[in-house]
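Enquirer: Join the two chains into one complex using the hints; note that each chain is given alone, in its own frame.
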Amino acid sequence: MSNIILRKLKSISPVLWAIMGMVCMFGMISGRYLTLNNLINTLQQGAVLLIISSAMTIVILSEGLDLSLGGVLTVSGITCVLALGAHIPVPIAVVIGILTGALCGAVTGSLIAFCKMPSFIATLGIQGVFYGLALVMTNSQAVFTTNKPFLVLGGKVARYIPMAAVLAGIVFFLVWYVLHHTRFGRYVIAIGGNEAGSRLSGVNTVFWKWMVYVFAGFITGIGGVILASRLEAADPIVGVGWEFDAIAATILGGTSFQKGKGDVSGTIVGVLLITVLRNGLNVIGTPSMLQPALIGTIMIIAIVFQVGISSRK
Amino acid sequence: MITSKSAVQTKIGAFKYFDPSLLSGGGRLFALILICVIMSMLSPVFFSARNLSNIITNACIMTILGVGLTITIITCGPDLSVGSILTITSVIAAIMLKAGIFFGWAILAALALGILLGLLNGLMISKIGIPSFISTYGLQWAVFGFAYVILKGYVVYDFDPAFRFVGNGYLFDVIPMPIIVMLGVVIVGFIILKKTTLGRTFYAVGANKEAAKMSGINVEKTMIYAFIICGLLSAVGGIVLVARINACQADIGKNYLLPTIATVYMGGTRAAGGQGGVIGTLIGALIMTVVENGMNLMGVPSVWRGAIIGALIIITVLVNQWLNKKLEAAGA
Numbered sequence: 198m199s200n201i202i203l204r205k206l207k208s209i210s211p212v213l214w215a216i217m218g219m220v221c222m223f224g225m226i227s228g229r230y231l232t233l234n235n236l237i238n239t240l241q242q243g244a245v246l247l248i249i250s251s252a253m254t255i256v257i258l259s260e261g262l263d264l265s266l267g268g269v270l271t272v273s274g275i276t277c278v279l280a281l282g283a284h285i286p287v288p289i290a291v292v293i294g295i296l297t298g299a300l301c302g303a304v305t306g307s308l309i310a311f312c313k314m315p316s317f318i319a320t321l322g323i324q325g326v327f328y329g330l331a332l333v334m335t336n337s338q339a340v341f342t343t344n345k346p347f348l349v350l351g352g353k354v355a356r357y358i359p360m361a362a363v364l365a366g367i368v369f370f371l372v373w374y375v376l377h378h379t380r381f382g383r384y385v386i387a388i389g390g391n392e393a394g395s396r397l398s399g400v401n402t403v404f405w406k407w408m409v410y411v412f413a414g415f416i417t418g419i420g421g422v423i424l425a426s427r428l429e430a431a432d433p434i435v436g437v438g439w440e441f442d443a444i445a446a447t448i449l450g451g452t453s454f455q456k457g458k459g460d461v462s463g464t465i466v467g468v469l470l471i472t473v474l475r476n477g478l479n480v481i482g483t484p485s486m487l488q489p490a491l492i493g494t495i496m497i498i499a500i501v502f503q504v505g506i507s508s509r510k
Numbered sequence: 116m117i118t119s120k121s122a123v124q125t126k127i128g129a130f131k132y133f134d135p136s137l138l139s140g141g142g143r144l145f146a147l148i149l150i151c152v153i154m155s156m157l158s159p160v161f162f163s164a165r166n167l168s169n170i171i172t173n174a175c176i177m178t179i180l181g182v183g184l185t186i187t188i189i190t191c192g193p194d195l196s197v198g199s200i201l202t203i204t205s206v207i208a209a210i211m212l213k214a215g216i217f218f219g220w221a222i223l224a225a226l227a228l229g230i231l232l233g234l235l236n237g238l239m240i241s242k243i244g245i246p247s248f249i250s251t252y253g254l255q256w257a258v259f260g261f262a263y264v265i266l267k268g269y270v271v272y273d274f275d276p277a278f279r280f281v282g283n284g285y286l287f288d289v290i291p292m293p294i295i296v297m298l299g300v301v302i303v304g305f306i307i308l309k310k311t312t313l314g315r316t317f318y319a320v321g322a323n324k325e326a327a328k329m330s331g332i333n334v335e336k337t338m339i340y341a342f343i344i345c346g347l348l349s350a351v352g353g354i355v356l357v358a359r360i361n362a363c364q365a366d367i368g369k370n371y372l373l374p375t376i377a378t379v380y381m382g383g384t385r386a387a388g389g390q391g392g393v394i395g396t397l398i399g400a401l402i403m404t405v406v407e408n409g410m411n412l413m414g415v416p417s418v419w420r421g422a423i424i425g426a427l428i429i430i431t432v433l434v435n436q437w438l439n440k441k442l443e444a445a446g447a
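Quick mapping for you: the protein sequence lines, in order, are chains A and B.
Numbering-wise, the first sequence is residues 198 to 510 according to our numbering.
Numbering-wise, the second sequence is residues 116 to 447 according to our numbering.
Just chain B, with the same shape it has in the complex (with noise of 0.2 Å):
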């Protein structure tokens, strides 16, 4: 006993300049505000509020899809299919606003093809088995493909104001809507993971699928409920997106896969499942939105986006596991 206690003393020792929970907790916020004091130093335009506004509100959108995606990684694995789902979403609103449909309507229509696909999605992982980073890839070609059947190609745009509000209008004409709708998604996030019984059966699943089943957790439904609540706030994220840019086509979701699971592994959500939250995302979504942010700022060419992005993942995919053998070492 006594020698394995210095053992871990040793191995703390060793890292007595670089404290590794740094990164993990509240070193994630620190990263942040390091990115944006660097990001200041490079551009003066950083910290101009029209700058800052954009980041947020673009971040809005990142978050309400990371929070569904940190869910079903939670529980299973990632859902691919989130950029799709919020593409056909956005493309059924659009087309029932542009006909003159009540936008209270279109909006439900929206979240009930969300839930639709989710329940979709869930139903082939969990019922049929097959493992979701198949079947969400797979789904999302044939969504893509509906909406470009949906739309033609065409540009729709105009909405109706009322509509628009969701993603332009100021809750008491100081908080941009897609803030409070972020938050609201965020709060409910929370307290569906950490605060209730089906929160809890997410972990448990994501943990240890066999030991789950043997506790009495019906692990089928639970996986269902999780791509349900990714699929619904895919299709949130298409109306909020959809009510600030004022336009919608058929490829409007199709950058925002990469970027979304760079956000919630950012966040800190562990990728083989089972660790993760909603707040880690919600920061994870900050510092995705500041360095794309900076890439345009500082004129990287568009072309490199999608490498760089790609490669965000994989480091930061590395840097967790590194950061979870050190916690698990020091800790032991």
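Chain A with its partners taken away, still in its complex shape (with noise of 0.2 Å):
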């Protein structure tokens, strides 16, 4: 009996004792951390990560990598505020801002599948273009927006449900979904595993390999929305670093970026652990200055850890 509670032990992954050593933690030295405000506001503040994590996740299963993701996330959120600003109405703008996603995957999709540059120099380069265009969009400055009907998206709904949290699942339920449902889908993880063998086999790998950034970008650009609706504004350096959370997340999530291992669903334990990290900290009071330079160190070494022990196994 004990054997068998003790294998199940030791079959949860670390990054879950990580986070219930965290909350443990966390609760102890602050007691304001365990309470139902604090847990709606990490729901909320790990809503626009999840987004950006599972986008993140697809295209690290076709054996990529996108950069460029806090870029597109700072975009479309910039250019569904500024249609705001336009009096367009908010269904619309909303609609605008998504396929500005889409469209800024669309040009780095282009270059990775088409032209066959590396992933990882093409979104390095793009990164620079989307966080300079998001300069030029907003010259510099945030852009604001008191658009009521637009601010439900990031607020709550009946006091407490926050409704970007519930977004949030609707587009990780969707992310799954095609993952798992869908031809794309399966493609995405052949491309990963190995895309001479698929393209030999008759899938068309440029086309999907295009669709693969295509898709992170629409989701990304959902991600954007929502963000902007969040904060109430546009600000054209929001998105810097998010790319690597969302990286952080999916490798931690137990995704491997080698020959298309894992699964977007681990990506919520690694989104989990980083929301509450950042949020724990917040709440103990950690000063702001230190912040960078702990989570920083954190996950670096979260991710040393992790792909250390996946690749012993």
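It should be emphasised that the hints constitute simulated quantities derived from the structure, not laboratory data.
The beta-carbon is built from N, C-alpha and C at its ideal position, and this holds for glycine as well.
Wrong hints could be hidden among the right ones.
Here are the computed lysine-lysine pairs in the DSBU-like style, where the Cα-Cα straight-line distance is at most 35 Å [to be verified]:
(1) A/Lys313 to B/Lys441
(2) B/Lys324 to A/Lys313
(3) B/Lys441 to B/Lys324
(4) B/Lys242 to A/Lys458
(5) B/Lys336 to B/Lys369
Residues from chain A shown here face chain B by an in silico Cβ test under 8 Å; the list is partial [stated by the list, open to error]:
(6) Met314
(7) Leu321
(8) Tyr328
(9) Leu397
(10) Val400
Expert: So, in structure tokens, the structure goes:
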């Protein structure tokens, strides 16, 4: 009996242990940590990261990398808010924002799929372009919006339910469904596992690889719109660094950057770890000057452990 | 055989008016001269002694970083943490100088820290197996974070004149010190890459890791060496930069990554590794600096800078790929 329990405990991933440990630690340090209010906050803060991380997971599963997703997040939020500023109705503005994300992804994808550029170089260059465009479009200043119907997307419904988290759940389910139950999803995994093999067995790898980046851009576009709504503004530098959080969440969730191994459901755990860490450090009152160094170090160490453990198996 | 030969000839014939090798070797130098000529026509200030010396000193730091990056790109992938290593090493050096420590120790500490961070990158990539563009990209956030923790957003300035000699002194009263440092780095980089066993293993690992392993090269060690060299050179770049501008703050290296990457690719180093060299990087750095300088002189708003450099990286890599294809087709 105790053997079974022990085995069960061992099968829980170390990332989950780390999350539980952190929750206990933060709970002991601060009385304000284990409250309903903070739980809702955590969910709200993790929502956008979950969206962009599921997009990143799809890209990494196809054995690519998209360093431009932070830029896409920024640009799509900005177009949406700018459209609202031009008195375009909310639904259309939201669609414009999301489609901007897809368009950004289409540009990135063309470079990688059609021009055969290595994904990390293409997306690094494109990252510069998108962040640059964000500065140009906003003239380096945050653009605020007070459009009530739009702010619902990032606000709370019925006082408690964070809308962003609900939407993130829906988007996550969409990504999961696409990955597991559509032709596109199967091709993503096939391309990641063995690109030459899939091409030889008749998959149009160039087109589907392009689609990977379009889809990732589309999903990130949704995230950008929600983020803009939550912050009630579009900030040209808001997306800086999100792409690394998303990469870290994906890897901590067990997705390998080689051979298409992994699943988007693991990414939830990675997102949870990063969100709990960021939120907890805030709640226990770590000086904000210290936080980037602490979080960066912890994430690097976590990735080293995760990759080290999974390569040993 | 005969048909394939004539096929090659027609392919060359199609490029009668444009020889692709023009752009690859000496063609880069030609491109640099062309850009300079265009710039001098657009702006009268361009050829002033002050502006030219400004360009060359700026290009020095870009070249020093670029040589390290060239070596890592040849071996296994870009080191995206160059800007952050530059930052933290110059912050450490600046703090030590301000504490009144002998400048030699400050420089040594900065170099040691650069080597240490390079070693860390190398270990993560070779021993753990995290791809370079993920591990170095991740490391930079942590390192920038520490730079903020140390300096707390303040600017440290006004250092020991003996230290500043590295950045704004003149050797024999004629040659600026950054140029001496840069030439030293380029020459040593050239000798390492072309004349030593270590250099040859860099190329071998970059061209085909499996084959290199089979032929008895210690691949892991080679990668670690490449990243250590890159870390060390980032520290050298940091020291020269701080000595030159006589001030240091926590985001001093934030804008160096993309231009340096562009520099290396403009120098003809292959994005996928295994090919390239430091002489090309030197020319690439000059092109990049002239372009940046040109944007300033023509009054391009600074908000456009990032977008333009990002686009330049993409265009350069695309042109390189296209040239390689043409050269291979012509040489096949």
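Enquirer: Hints first: check each against the structure and report whether it holds.
Expert: Structure-based check of each hint:
1. A/Lys313 to B/Lys441: Holds, at roughly 15 Å.
2. B/Lys324 to A/Lys313: Judged against 35 Å, a Cα distance of about 21 Å means the pair holds.
3. B/Lys441 to B/Lys324: holds, 25 Å
4. B/Lys242 to A/Lys458: Measuring from Cα to Cα gives roughly 20 Å; hence the hint holds.
5. B/Lys336 to B/Lys369: Measuring from Cα to Cα gives roughly 29 Å; hence the hint holds.
6. Met314: A/Met314 check passes; min Cβ-Cβ to chain B is 6 Å, inside 8 Å.
7. Leu321: OK, holds: A/Leu321 within 8 Å of chain B, min 7 Å.
8. Tyr328: Nearest chain B Cβ about 5 Å off; hint holds.
9. Leu397: Cβ of A/Leu397 sits 21 Å from chain B, so the hint is violated.
10. Val400: violated, 23 Å
Checked against the numbered hints listed earlier, the structure breaks hints 9, 10; every other hint is satisfied.
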